[in-house]
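A.B. asks: For reference, the chains in residue letters:
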Amino acid sequence: MIKNLLLFICIFLFSNSLYARKVGETEILTDEGIEVYQEEKYYILKKNVIITSDDFILLGDFVKVDFEKDLYDVTNIFSEGNSSLKSEVNNIKATGPNINIIVKNEQIEVIGKKSEFKLGEIFMKSNGKIMVNNLTGKFSIIGENSNMITESIYIEGQKIDGFFSTNSEEKEIIKLNVYDDNISFVQNEDTDMYAKKIIYDKKTSIIEMFDDVKVVRGKEIVTGDYGTLDTSDNSYKVKSNNTKKVKVIISNENE
Amino acid sequence: MNYLLSLNKKFILFFSIIFISIIIIFLFLNTFYSNTKEKKIINLQNLDADITKPKFTINSKKQNISVTANKGNFITENEILLNENVVFQSEKFKIISDSVVFDKVKHNAYSSIKSKFTSENTSIVSNGFNITDKGNKINFKGKTILIIK
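Same order as they appear, the protein sequences are chains A and B.
Residue numbers are given in my numbering: position 245 of the first sequence equals residue 242, and the series is strictly consecutive.
Every position in the second sequence, counted from 1, becomes a number in my numbering once 4 is added.
Treat each hint with caution, since some may be false.
Straight-line distance between alpha carbons at most 20 Å, and here's what the computed EDC-like set of lysine to aspartate or glutamate pairs gives [to be verified]:
| # | chain 1 | residue 1 | chain 2 | residue 2 |
| --- | --- | --- | --- | --- |
| 1 | B | Lys98 | A | Asp70 |
| 2 | B | Lys141 | A | Glu29 |
| 3 | A | Lys172 | A | Asp158 |
| 4 | B | Lys153 | A | Asp158 |
| 5 | B | Lys141 | A | Glu36 |
Honestly, the hints are just simulated from the structure, not real lab data.
Just so it is clear, the structure is predicted and the values come from calculations on it, not from any experiment.
Bound-form chain A, shown alone (with noise of 0.2 Å):
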């Protein structure tokens, strides 16, 4: 009987080994089979998808492959149905109905309600669409419930969208441009800052805000057309289209 046992787990052991993936192959598994179209280059991989390579593992529902010259030569991957993206290599967990990989140009867009993309310290969420390119370090979100963290900034806005640095491993935003109909968010250590268009350059060190200007800081806020805050010295300006307009309110806690 131990024998008999012991001779099963071996042949278990050995079958699983001989389909176990090698460095630098990219193996996918179906619960449902796999649909190929030569003439339309491309194949349908149905159920329970999970594609594992040296860099990524994919699960998804329903997984459509895009390809070249022929299988192996895959140009873009779209996952449709509880979708999931994991890449240790490059610091990326994603989440979402759909994940569509653009292989060639390393672009990832996270596609449907309760999107969410994370990049290192960096946290995205959408309920329209996140798309980050690895080798452009461009990204955006755009949709209801956009927001974005990072250790020190915190960002809401119908569309968010920016340039990432690429050159260092630790990612950090080096342009960002938030805009909402209604008004955009972005919130600092200590400060508060609401318009309808926000926008911030690294080179500057400069956050620029136009529209329903507000800024809140501790119980001082301040409201405008157009405002500026320097983050080298964390100081800010706020003016108005008419001078007059600017508006102080300093709430005294002893009142």
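Please arrange chain B on chain A, whose structure you already have, making use of the hints.
C.D. replies: Structure of chain B alone, referenced to chain A:
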């Protein structure tokens, strides 16, 4: 007193037997109906070959696929069951299986047993396949493993 000890043992035994019988019958019927097609193929495999070393070609605009096997048996006027070392080969790929039904008019093929596909830097192992649209569409069935080198 423990409630379980108060139950009638014969009563429990009777219902257990009925319950197990129902499960066995259900599993038997399920297996029987799902394997009818495969059994037909397996039975046909035991027959002597109608054709030895059959060879066909699927011609399409972009590729020609040669179909070869050791044995072939006619199932219908157009459908042939190809057995033993069945190979579909084009310039781009090769599929090997041991039992494939091939339609010589429509140029479709299907298999319900383990099949292996190989092409440049790619291999696929599946539990059968369908070839339709003159070889343009290949559908690998069941749990499938694709390895890209």
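A.B. asks: Decide, hint by hint, whether the structure agrees.
C.D. replies: Hints versus structure:
1. B:Lys98 to A:Asp70: holds (18 Å)
2. B:Lys141 to A:Glu29: holds (16 Å)
3. A:Lys172 to A:Asp158: Roughly 8 Å between the alpha carbons, so the hint for lysine 172 (chain A) and aspartate 158 (chain A) holds.
4. B:Lys153 to A:Asp158: violated (36 Å)
5. B:Lys141 to A:Glu36: At roughly 8 Å apart (the allowed maximum being 20 Å), glutamate 36 (chain A) and lysine 141 (chain B) satisfy the hint.
Consistency note: the structure conflicts with earlier hint 4 alone.
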